[in-house]
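The primary structure of each chain is shown beneath.
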Amino acid sequence: MNRLLEARDLTVSYDHRVAVADLTLSLNGGEITAIIGPNGAGKSTLLRSLNGQLPISSGVILLDGQPLERLNRRSISRQIAVVAQEAELRFPVTVLEFVLGGRFAWATHSGWGWETERDLEVANAVINETELSELSARLMNELSGGERQRALMARALATEAPILLLDEPTANLDLSHQATLLTLVRKRCDHHQSAALVVTHDINLASQFANNITLMKHGRAVHSGTPEEVLRPELLQEVFEVRVLVDAHPITGGPRVTPVISA
Amino acid sequence: MNRVTLRKTLISCALLGAVLLLVIISMSLLGSERLPARTSLCALASLGTSACGLTQDQFDILFQIRLPRILLAAAVGGSLATAGAGYQALLRNPLAEPYLLGISNGAAVGTMISLVFFGAIEWTRPLLAFTGAFVATFAVYRLARGRAGATPERLILAGVIVTTFLSSVIVFVTTLMDATRIRSFTFWLLGDLSGASKTLLPVAITITIIGALVLTLHARSLNLLMLGERDAFDLGVEVGRVRMVVFLVASLLVGSSVAASGSVGYVGLVVPHLARLSLGSDNRISIPAAALGGALFVIVADTVARTIIAPRELPVGAITALIGAPLFIYLLKRV
Amino acid sequence: MCVLCLFVATCALVSRRALIILSLLLLAISFGCNSGAKPALDGPVTRELTDDAGRRVSLPARVTRVVSLAPNLTEIVFAVGGGDRLVGRTSYCDYPAEAKAVAEIGDTLHPSLERIIALKPQVVLISTSSQLEVFTQQLQNQNIAVFVTDPHDLQGVFRSIAQVGEIMGEKLRTALLVESLRDRADDVETAVKGKQPVRVFYQVSAEPLYTAGHDAFVTDLMRRAGAASVTANVPGAWPKYSNESALAARPDAIILPTGGSMGSANSDVTEALRQSPAALQGRVYKINDDYLTRPGPRAIDGLEAMARALHPDAFK
Chain A
1 MNRLLEARDL
11 TVSYDHRVAV
21 ADLTLSLNGG
31 EITAIIGPNG
41 AGKSTLLRSL
51 NGQLPISSGV
61 ILLDGQPLER
71 LNRRSISRQI
81 AVVAQEAELR
91 FPVTVLEFVL
101 GGRFAWATHS
111 GWGWETERDL
121 EVANAVINET
131 ELSELSARLM
141 NELSGGERQR
151 ALMARALATE
161 APILLLDEPT
171 ANLDLSHQAT
181 LLTLVRKRCD
191 HHQSAALVVT
201 HDINLASQFA
211 NNITLMKHGR
221 AVHSGTPEEV
231 LRPELLQEVF
241 EVRVLVDAHP
251 ITGGPRVTPV
261 ISA
Chain B
264 MNRVTLRKTL
274 ISCALLGAVL
284 LLVIISMSLL
294 GSERLPARTS
304 LCALASLGTS
314 ACGLTQDQFD
324 ILFQIRLPRI
334 LLAAAVGGSL
344 ATAGAGYQAL
354 LRNPLAEPYL
364 LGISNGAAVG
374 TMISLVFFGA
384 IEWTRPLLAF
394 TGAFVATFAV
404 YRLARGRAGA
414 TPERLILAGV
424 IVTTFLSSVI
434 VFVTTLMDAT
444 RIRSFTFWLL
454 GDLSGASKTL
464 LPVAITITII
474 GALVLTLHAR
484 SLNLLMLGER
494 DAFDLGVEVG
504 RVRMVVFLVA
514 SLLVGSSVAA
524 SGSVGYVGLV
534 VPHLARLSLG
544 SDNRISIPAA
554 ALGGALFVIV
564 ADTVARTIIA
574 PRELPVGAIT
584 ALIGAPLFIY
594 LLKRV
Chain C
599 MCVLCLFVAT
609 CALVSRRALI
619 ILSLLLLAIS
629 FGCNSGAKPA
639 LDGPVTRELT
649 DDAGRRVSLP
659 ARVTRVVSLA
669 PNLTEIVFAV
679 GGGDRLVGRT
689 SYCDYPAEAK
699 AVAEIGDTLH
709 PSLERIIALK
719 PQVVLISTSS
729 QLEVFTQQLQ
739 NQNIAVFVTD
749 PHDLQGVFRS
759 IAQVGEIMGE
769 KLRTALLVES
779 LRDRADDVET
789 AVKGKQPVRV
799 FYQVSAEPLY
809 TAGHDAFVTD
819 LMRRAGAASV
829 TANVPGAWPK
839 YSNESALAAR
849 PDAIILPTGG
859 SMGSANSDVT
869 EALRQSPAAL
879 QGRVYKINDD
889 YLTRPGPRAI
899 DGLEAMARAL
909 HPDAFK
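Chains as they are written, first to last, in the numbering used here: chain A, 1 to 263; chain B, 264 to 598; chain C, 599 to 914.
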């Protein structure tokens, strides 16, 4: 098992509150791990501390065996890519320029330099992969929500980082785009042995795409395992404090979760 | 618009540089005193070694008064436009500008302090101006930070607060103190390029060039920062370091201009906008273009200021505002 | 007043019509109050003079308390013998020495209305350059007479002295003063008559470069002193001047007003004129700035100083 990113007994405090407590997690090559939990469970904080943005109070994060604090910004960015929910588009930028931003970590001179042939190759390849080739010369703010999300995905893929962190990537997408995006992630993991961490509210999507699911509550990882192991009514009720019905999806066979809202 | 390449950047800069040279030469032929064009051009071409038939007075006017003033205008314009471009990229706000954010006024107060307490020592002027600019930048940045970070609205508000407060300080001090020591407030608030000092001019030009170079060398980081600090961080930009560099360099640029010529407004707002509109938002091309464009803008504005009611003079900041404000309104409508 | 208001208020509660009638009554009374009575001045109002703003000002027969709101006017008051009756001056009024003992009421542009009123003057002398339009109205509301005297040239100075002399009731002394000043002025003009006027640049400040324009008081003085100011036709009083034009003007003499209220400021020739004929021949003359910028008796001193500097051979 190729442990690309590991967190051991991780504790993160944010705004004088403990947001993540004693959490242990590992992201392995070829696997998608979904993090699920109620609002305020610390999922986004966890994601933000995994790429080094938030300081940790105790515990350690190991990137390819090395503690995260020892590594510099650029080498971390070459290994970990974050797919954000939205882009701040206050200045006009084309899709290609936007995606090329993902190549920054590979620039030979920090802060300066021009894109190499390789950079362009990679950028165009991921633009194809995310089905944006017809839009590559258009301005980002001319794109629809779904297209923009694909561009964000493309930029993350352009970094060629083996670890992808996705923070609620499907939140603003319609059904078809949700499926497209996660299929992309799945393909990456399968073909390139990347590892992906997906923070999501969509339990059923996670059930279909994730190899592992971690249930978080109050900053702790309360249950981890495969979807079959974790998506059980009693465990879900414990975490979400709502009655659920879990049955087998008629087509895929995996667990399907439906909340039971008594009238 | 196509992607920016090295070639595109070099060509644009070469073109702008050529235009700048042309403007320097042509504006040096204009002034409150008429100089014969052909002999003046000849003297300019000889770089001052030959008078080419100009009288001593004409030669002095051209080389001792006009040319230094034009070069100072170039340095001031280049500095302010570059600083403006840097602030706009860093603060992710197309309206960020040294004058509007109160940074120019901070530099002015700093310079005033140096004139009052260290009047004779000329090099304290840019030094204290830089300090004033930096403190003002810091104040604006801190004021603007709310829970959600420095949103554009908060930033502009913070800037307005700092600007108006410092303007009042300037008026207060200049009214109370002997104006012959620290200049009148029209100097500070509207700019004046007539005092192109022999010692400060080379310093100003050097600072402009160095500042523009340093910011351009961070252009790729700024490109990413323009689209969000968090995203930039994720993609590998050392956000804290780049932010400090931009603040320091921009304060230096603003400080040196204000120490030399008072606050000239709108340059840092309009010129980077025009640069981005015509050449794209990529800072690798828009920062050098802004530097050259800023020099052009202030040279032309100052030529108007010193010829339009000759032999009297107007403050250059009045002209930049008269041109800049309507231009900005037009730009806003386009975008 | 308060009792009346309470009364009105209670009436309002009682009847709206009563309120209206009472309000109208009150208004009529207040109008009546303001138009007639004026607080007592020393003795009855006996004379009316016309000031430089064309206003007819009513003054008591004898003026014992006067406030001056400009340095030149303070000097004039003392010169005509009214110094003992000056009760208020601006912080810039520093001549003669006795003036410094008089109470200060602020500066020329922003004098303290309260202080002025507290000093209970009968008349306040102002020059329109004090920009006191608003104050004028307020002082008049307090029944303090305001007299505007605003000389722009030498003739205006003589007229001003005469006016102040009349206000202070020092007709004889004033007449003698004016005559002696006129004689001195005439002597100067006779001495320089027929001599080639010297081309002069008047430097108000070196950097930024300011000079005296068409409307400046000192421009008139320079003409009478046998100088041809190279900026005599520039519009305005104190224009900011182009360095090039100063250089191209090649003045033969430069006047630096300095040493008075200005202290040691402006004691160097501006950069652009360092190679001028004036600077190269050492014809740079520092003259007390107060002589040249205060339209008062010392303007004659300024006139003489300039004439002697520019035409030394005329005064052997």
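If you are wondering where the hints come from, they were derived from the structure by calculation, not from laboratory data.
Check each hint, because a few of them may be wrong.
Distance condition first, Cα-Cα at most 20 Å in a straight line; then the derived EDC-like pairs of lysine to aspartate or glutamate [unchecked claim]:
(1) B/K596 with A/D119
(2) B/K461 with C/E805
(3) B/K271 with A/E142
(4) C/K884 with C/E805
(5) C/K791 with C/D911
Model, not experiment: these values are computed from the prediction.
Verification of the hints:
no. : hint               : result
1   : B/K596 with A/D119 : 36 Å, violated
2   : B/K461 with C/E805 : 13 Å, holds
3   : B/K271 with A/E142 : 25 Å, violated
4   : C/K884 with C/E805 : 17 Å, holds
5   : C/K791 with C/D911 : 12 Å, holds
Checked against the numbered hints listed earlier, the structure breaks hints 1, 3; every other hint is satisfied.
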